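Join these two chains into a complex; the hints should help.
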Amino acid sequence: MQAKRATFPNRLLPYLLLAPQLAVTFVFFIWPALEALTGSVFTEDAFGLSKQFVGLENFAALFQDSAYLEAVGVTFLFSGAVATLSLGLGLLLALAAEKTGKLAGLYRTLLIWPYAVAPAVAAVMFWFMFDPSVGIAARGLKALGITWNHFLDGRQALLLVILAATWKQVSYNLLFFYAGLRAIPRPLIEAAAIDGAGPFRRFTAIVFPLLAPTTFFLLVVNVTYAFFDTFGVIHATTGGGPGRATTTLVYKVFKDGFEGLDLGASSAQSVVLLAIVAGLTVIQFRHIERKVHY
Amino acid sequence: MLAASLAGVMLGGAGAQAATEIQWWHAMSGPLGEKLEKIASDFNASQSEYKIVPVFKGSYPEAMTGAIAAFRAKQNPALVQVFEVGTATMMAAKGAVYPVYKLMAEQNEPFDTKTYLPAVTGYYSDTQGNMLSFPFNSSTTILYYNKDLFKKAGLDPNTPPKTWPELEEMAKKLQASGTACGFTTQWPSWVNVENLSAWHNVAIGTKQNGMGGLDTQLTISNPLVQSHWEKLAEWQKTKIFDYGGRQAKADPKFFSGECGMSIGSSAARAAILANAKFDLGYGMMPYWPQVKGAPQNSIIGGASLWVLTGRPQAEYKGLAKFFTYLSKPEVQAWWHEQTGYLPITPAAYDFAKAEGFYAKNPGADISILQMTLNPPTENSKGLRFGSFAQIRDVIEEELEATLAGQKSAKAALDAAQERGNTLLRAFEKANQ
Chain P
9 MQAKRATFPN RLLPYLLLAP QLAVTFVFFI WPALEALTGS VFTEDAFGLS KQFVGLENFA
69 ALFQDSAYLE AVGVTFLFSG AVATLSLGLG LLLALAAEKT GKLAGLYRTL LIWPYAVAPA
129 VAAVMFWFMF DPSVGIAARG LKALGITWNH FLDGRQALLL VILAATWKQV SYNLLFFYAG
189 LRAIPRPLIE AAAIDGAGPF RRFTAIVFPL LAPTTFFLLV VNVTYAFFDT FGVIHATTGG
249 GPGRATTTLV YKVFKDGFEG LDLGASSAQS VVLLAIVAGL TVIQFRHIER KVHY
Chain S
80 MLAASLAGVM LGGAGAQAAT EIQWWHAMSG PLGEKLEKIA SDFNASQSEY KIVPVFKGSY
140 PEAMTGAIAA FRAKQNPALV QVFEVGTATM MAAKGAVYPV YKLMAEQNEP FDTKTYLPAV
200 TGYYSDTQGN MLSFPFNSST TILYYNKDLF KKAGLDPNTP PKTWPELEEM AKKLQASGTA
260 CGFTTQWPSW VNVENLSAWH NVAIGTKQNG MGGLDTQLTI SNPLVQSHWE KLAEWQKTKI
320 FDYGGRQAKA DPKFFSGECG MSIGSSAARA AILANAKFDL GYGMMPYWPQ VKGAPQNSII
380 GGASLWVLTG RPQAEYKGLA KFFTYLSKPE VQAWWHEQTG YLPITPAAYD FAKAEGFYAK
440 NPGADISILQ MTLNPPTENS KGLRFGSFAQ IRDVIEEELE ATLAGQKSAK AALDAAQERG
500 NTLLRAFEKA NQ
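Quick mapping for you: the protein sequence lines, in order, are chains P and S.
Each number in my numbering comes from the position in the first sequence (counting from 1) with 8 added on.
Each number in my numbering comes from the position in the second sequence (counting from 1) with 79 added on.
Think of the hints as simulated: they come from the structure by calculation, not from any bench.
Keep in mind it's a predicted model, so treat the numbers as computed, not measured.
Be careful, since some hints might not be right.
Here chain P is said to cover these stretches of chain S; the calculated rule only asks that three of the stretch's residues, wherever they fall, bring their Cβ under 8 angstroms from a Cβ of chain P [as the list claims (entries may be wrong)]:
#1 169-183
#2 237-248
#3 369-383
#4 479-487
Over 10 angstroms on every C-beta distance to chain P, these chain S residues come out as not near it, computed from the model [what the hints assert, rightly or not]:
#5 Q102
#6 F122
#7 R151
#8 T285
#9 Y322
#10 K332
#11 P391
#12 K400
#13 E409
#14 W413
#15 A433
#16 D493
#17 R498
#18 A509
Built from N, CA and C at the ideal position, the CB exists for glycine as well.
Okay, chain S solo, but in the shape it has when bound (with noise of 0.2 angstroms):
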């Protein structure tokens, strides 16, 4: 056994110069996964100094307690993929995080922020505009519909309803063709709050949705989310709307056809392609057209890549390079149309269309029309607020006690909002 792992020691350093290894762990299982590993697979073809190794490491919350867990062990990977609303925490580590604009720059490697989009920039930047995570996955808010029911209900497959008034109607019509239910949402807060607050120009949070310190409160509980929330608790009772669950949880509904409409993120679509047996449409979100200024413009969710301190230098040379490759237009036009997520520059937006890709897959360009339909304002940039995974639960949970009847949306906002702000003092006390 010695003498053959002498042999295997001696052939190693016989050939070229071993790779580095640097590991990337992620978050993305199934078919997402698949894409991942091909993407560092070809970036390893690309070159031979170094080598990404992506390892799966569950879901968002826990490719990231683990990265955190494995920083306090003092055995965290370089890489690691945190999702949107973990942002607020992988910033206030100082000491833990290498920023991207900073090992760029260090590495002499060419980065200008300038070719990404602004709505995606601005999630994952300081207030002094330098890029402190690469942003990987985007994704934002649709509406999906199934064009075999409404051709069923007599409606045209080839309009999507614009506003929620439309909405409402083309769900009536729908139910009285014999569809159970009109639509249903993915993400709760993410479309019934976060994503509807930006559509609208509304803030959530003062301080630049959180974005200019800690010291922010929430604002959720405001007429527009009021208002919504009321609303959809009122057709919770006849099923135009029907709540099925926070994260994806309400994809069956979508799927079977029970109900007709679906909102949720623009990631999904490969999901529903693969398990739909209907002709499917896409639409912009819905807007409340007494709104003045509505529609804006939606914000991202999904993730980031973030760089951990604490690793061989050899690893950030190489990690540098990777993400170098990452902005390539192919590349990152590859992974939009393969996947759904939003092309994040707009030179791969050009390159996909250039490839004819939206003349072949109509809609798949809803989601970054949506995203870049007017430039964002504050209210409409994004968001960043301590221990929000937390507090979407909350905002959840207070949700569905206003769709159960056991609340109204006034005092269920209002509970939310106060359990929120309760939740950002001991962050920003955490985080001093």
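Next up, chain P with everything else stripped away, as it sits in the complex (with noise of 0.2 angstroms):
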């Protein structure tokens, strides 16, 4: 790869330019991080009336809680659903998009609109659909010989918010794939058109690969999304049960934390949480990043 190097006349320009930016991180990313890890090793009351220096018992508490536990399962599971499916559906439906016909604008603006839901909302909507007593889908389950509870059903509530927070998402991977397949030359698909490969043998050795850096890029972003922006879509349908089978860590962070007063714990449980989203992304970028090709 060629860089560019770009210069400028004043030393001082630069770094003046970086500034919002800069400040923008600092007070709504670095600073709150860091309040978050001194908060970690203290316990307090809800108030801010006493503290205490406790090191690193919030930690150990965490680990030896079942409940948190079982709640990193959770996250795993359902953080996995989401992004599996909403990439999968983003990438099919942006295939379907891309064939050009008489409706195809209309049809990509509808495809589109999901995205502009407010989480709660669409959270909220779902909820309404699979109610057990009146909702719509959950009627028609009850037709197919299928009862849908997810009062009281874990699987079926989790099942519940993956499909809500799936559908959030899937319009931004649509969007990305498809500006990602109109981005791969025409002559290359023509060429191994020409040579005989059929429509699936051209998606695996032409498409897929070329697509590579923009699956990659929504990876990243989709786990991100599923391990922290998918709180609203719990809090405003089951609120983490029943049980404990949608609580996931943002959201125990927010339970203990907001709910419970327990800032220390809550604290912890923020840094802990960092510390894997953290993780993940290295793993991203180590093992993955190397297969792709921009």
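This is how it looks when you write it as structure tokens:
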């Protein structure tokens, strides 16, 4: 890769140009992260009237708490499912949207719509559709002989939040995949077609490898989304239940910190969560990016 | 623009001295919120020195945590409505809270805690009997039933079940006549652990249910709660009982006629009347007849008003006057009649009775009759546990596991008790 070297007339100018972004990063990301780090080694009452240093006790307590370990499991299951589903569906829809037709424009616009819906609204919509007593989807399932009750059935509740979170994210993936598909040079595909490669072979040999940078970018974004941004979906629907079936790590941080006012434990959890996501991102860059050709 | 604002200042100065504004953060939405605002505006109209400004802050936990965050930032309101499970947290916050008994004494307002129901004062008083917060909206859990469905099932629409076995029989008859489910409950832990225990005079924690000190332990894994949960799990299978979620999420099941009975907050009355297209009946909570001494009395839920420190003196003077206003029987009675919350003074109850409210609204007094059925014992005067909002979550998680058939009632209650005690120890440590 050839790097272009930009030159500035003044040594200070580049730093000045970066300053606004750095300020935002510091105030909204680094400062809170530092607060979480310091908070995680103290226990404190809700009002902040007394504070005592406890070292790593908050962390030790976390890993002895079966509820916490369960949340780790739920998070990986949930995030894996959301990332896989929303990437897969996004790609499928993008492939379909690429086919030109009379209504292609309208079709694409409609597909992008869900992204504009607020997570809580999207979630509540699913909640209504699947309400065991009055939901239209739950009634449909009942007609098929499937009893739907996410108030008690943890697996169904988890499936429900996975569906809602995926539905929200598919549009975003579709947008990027669609742009990625359009960037693939036509002649490559035409040449392959002339050589006798069928649609499936063209996809696996040409399209998918050339989409790799997009896919990789989306993988990182989707995993981060599933870990952090799905809070609204869960909060507006299951509230983490039934039992702890839909309590993910980020939801537990909220519950213990904002509802339980247990700031020490909540800070320790956010530090662990930060470490997990940082770790995952490093793994993705180390091992998957190597296979990506730009 | 400058001229306009100057004119404004002069106009303001020329009139009567501006009223001191007092912020009141609360968590009452919908019809309840409107009633609350009416109380504030009536008080404001009754005098000119102070102006209570109600601010809706979302759900109970949101109002409480919002006020606490504001306190940490030194931007807190003078008055905040805190739900009953937040009581221990507020009480432990010495220095942040201005106890109501002290406020009233220092501002020379008359205040006699004996004029309130003992079950209410007990909940919000310290071990010396000093009332720390002002009881505002207290409710208890009662039985609601659908008289139309009772008739259809050949049951007497004027006789609600008194005991759990009776309820079971009636539920079966309802089901035989085509009703999908017998009964459901709101607030699973409040109904099926906290009130269940008080109603049967059984402790749910050591040290007088936590009122005697922070070093309390939960005792919810006891034969009463265990056998009750076992029954619920058994009933869930045939829909004699059908679980509908936490808080008030089960309401649609009762409103729509899917379930014939529901056990829930007495303050749900207004919402049920607004939503249900059937004749509504009221009853006391059922009890297990094999338990000696049952029924005892039920305990309250709802919220009280806490005064926070750090505001100008004038606001506290105004708050004391506001509390005196709130204690008036006619104000209390109006609030009770409009919302279904308890009349928290016997005087307000008598006032409502004299007005003929209960004659016109039969069943509206079930809540207070049930609360005052017997003088409260150590097991039935209330509870006070740190981090109780979280402990309730734990209890409800374990109840859900029991009902889903994943755990036995005993295993679930043992787990809830152990996890709850861990939370209690953490709270004790943070509030030494």
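The hints, checked one at a time:
1. Restraint check on the segment 169-183 of chain S versus chain P: 5 residues with Cβ-Cβ distances below 8 angstroms, three needed, restraint holds.
2. By the rule of at least three residues with a Cβ nearer than 8 angstroms to a Cβ of chain P, the coverage given for the segment 237-248 of chain S is violated, with 0 such residues.
3. Counting residues of the segment 369-383 of chain S whose CB falls under 8 angstroms from any CB of chain P gives 0; the rule of at least 3 is not met.
4. Look at the segment 479-487 of chain S against chain P: 5 of its residues bring a Cβ nearer than 8 angstroms to a Cβ of that chain, three or more, so the hint holds.
5. No beta-carbon of chain P is positioned within 10 angstroms of the beta-carbon of S/Q102; the least distance is around 18 angstroms.
6. For S/F122, the condition that its CB be more than 10 angstroms from all CB atoms of chain P holds, with the nearest at approximately 28 angstroms.
7. Here S/R151 does not stay apart from chain P, with its beta-carbon only about 5 angstroms from theirs, under the 10 angstroms limit.
8. With a closest Cβ-Cβ approach of about 22 angstroms to chain P, S/T285 is found to remain outside the 10 angstroms limit, as its non-interface label requires.
9. With 10 angstroms as the threshold on Cβ separation, the claim that S/Y322 sits away from chain P is violated: the shortest Cβ distance comes to roughly 5 angstroms.
10. The beta carbon of S/K332 is not kept farther than 10 angstroms from every beta carbon of chain P, the shortest such distance being approximately 6 angstroms.
11. The claim that S/P391 lies off the interface holds: its Cβ sits roughly 20 angstroms from the closest Cβ of chain P, which is beyond the 10 angstroms cut-off.
12. The non-interface label for S/K400 is consistent with chain P: the shortest C-beta to C-beta separation is roughly 27 angstroms, beyond 10 angstroms.
13. For S/E409, the shortest C-beta to C-beta distance to chain P comes to about 36 angstroms, beyond the 10 angstroms cut-off, and the non-interface label holds.
14. Annotated as non-interface, S/W413 keeps its C-beta farther than 10 angstroms from every C-beta of chain P; the closest such distance is 33 angstroms.
15. A cut-off of 10 angstroms between C-beta atoms confirms that S/A433 is not in contact with chain P; the least separation is 42 angstroms.
16. The beta carbon of S/D493 sits about 13 angstroms from the closest Cβ of chain P, which is more than 10 angstroms, so the claim that it is off the interface holds.
17. Remark: the non-interface label on S/R498 conflicts with the geometry, its nearest Cβ contact in chain P lying 7 angstroms away (cut-off 10 angstroms).
18. A cut-off of 10 angstroms between C-beta atoms contradicts the statement that S/A509 is not in contact with chain P; the least separation is 5 angstroms.
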